[in-house]
Amino acid sequence: AQKITQTQPGMFVQEKEAVTLDCTYDTSDPSYGLFWYKQPSSGEMIFLIYQGSYDQQNATEGRYSLNFQKARKSANLVISASQLGDSAMYFCAMRPPNAGNMLTFGGGTRLMVKP
Amino acid sequence: DTEVTQTPKHLVMGMTNKKSLKCEQHMGHRAMYWYKQKAKKPPELMFVYSYEKLSINESVPSRFSPECPNSSLLNLHLHALQPEDSALYLCASSQEAGVGYTFGSGTRLTVV
Chain A
1 AQKITQTQPG MFVQEKEAVT LDCTYDTSDP SYGLFWYKQP SSGEMIFLIY
51 QGSYDQQNAT EGRYSLNFQK ARKSANLVIS ASQLGDSAMY FCAMRPPNAG
101 NMLTFGGGTR LMVKP
Chain B
1 DTEVTQTPKH LVMGMTNKKS LKCEQHMGHR AMYWYKQKAK KPPELMFVYS
51 YEKLSINESV PSRFSPECPN SSLLNLHLHA LQPEDSALYL CASSQEAGVG
101 YTFGSGTRLT VV
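Residue numbers (the numbering used here), protein chains in the order written: chain A, 1 to 115; chain B, 1 to 112.
Simulated from the structure, these hints should not be mistaken for laboratory data. Careful: at least some of the hints might be erroneous.
Said to hold, decoys possible - Derived DEER-like restraints, expressed as beta-carbon distance ranges:
1. B:5 x A:2: 25 to 35 Å
2. A:114 x B:70: 39 to 49 Å
3. B:95 x A:73: 21 to 31 Å
4. A:15 x B:52: 41 to 51 Å
5. A:15 x B:82: 34 to 44 Å
6. B:72 x A:70: 31 to 41 Å
7. A:62 x B:63: 41 to 51 Å
Just so we're clear, the structure is a prediction, and the values are computed from it rather than from any experiment. The beta carbon of each residue, even a glycine, is placed where N, CA and C say it ideally should be.
Full structure from sequences and hints, please.
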């Protein structure tokens, strides 16, 4: 069975600073996909970044980057230059192969950006 | 069109009511999903439709009845719900393989 762990229930970061949100996963499948989503209080799940298990380079999307360490089974999200609008819940998720394309989510991290 | 549209955004229903949640996408995605999310918890998968056929039912009580009338629409019919069913219900769609996995903004359901 696949498992996703986010060990930080809540975090504070000062505006304009960088922050790292931790995510570890457990799977025996060699092929999988890792996602990060942002969920503001409005409820919408906003896709941020994707990393495939066979991707050679760490994924980047604007201010978001994924620190993918395959041997350690970690996929930490790095947000650079935090903005007040980054305050939200952040979920790490994994899509294993041959699982109906479903996502398994970690417990989430609530990020609060201080002005 | 790169959106998944869910209606209504908010719904309050009694335990004897019958209501339906609607989800629509026009991205050509052939897989559609229903997730349930309780407050301060991650989304939990309820149902998966692949090519308009139900492929996964995560042991969801029969008071929740999904329907996929065509490749763009997904409904969730609700009947005789309990107060503990109050939650955010999220619809999503995806390609069969690849990265494209898009969520709607959800329906906040309150059962009274």
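Hint check results:
1. B:5 x A:2: 25 to 35 Å: holds, 30 Å
2. A:114 x B:70: 39 to 49 Å: holds, 48 Å
3. B:95 x A:73: 21 to 31 Å: Since residue 95 of chain B and residue 73 of chain A have Cβ atoms about 25 Å apart, the given range 21 to 31 Å holds.
4. A:15 x B:52: 41 to 51 Å: holds, 47 Å
5. A:15 x B:82: 34 to 44 Å: Holds - the Cβ-Cβ distance for residue 15 of chain A and residue 82 of chain B, about 43 Å, lies within 34 to 44 Å.
6. B:72 x A:70: 31 to 41 Å: holds, 37 Å
7. A:62 x B:63: 41 to 51 Å: Holds - the Cβ-Cβ distance for residue 62 of chain A and residue 63 of chain B, about 42 Å, lies within 41 to 51 Å.
In this structure, every one of the numbered hints holds.
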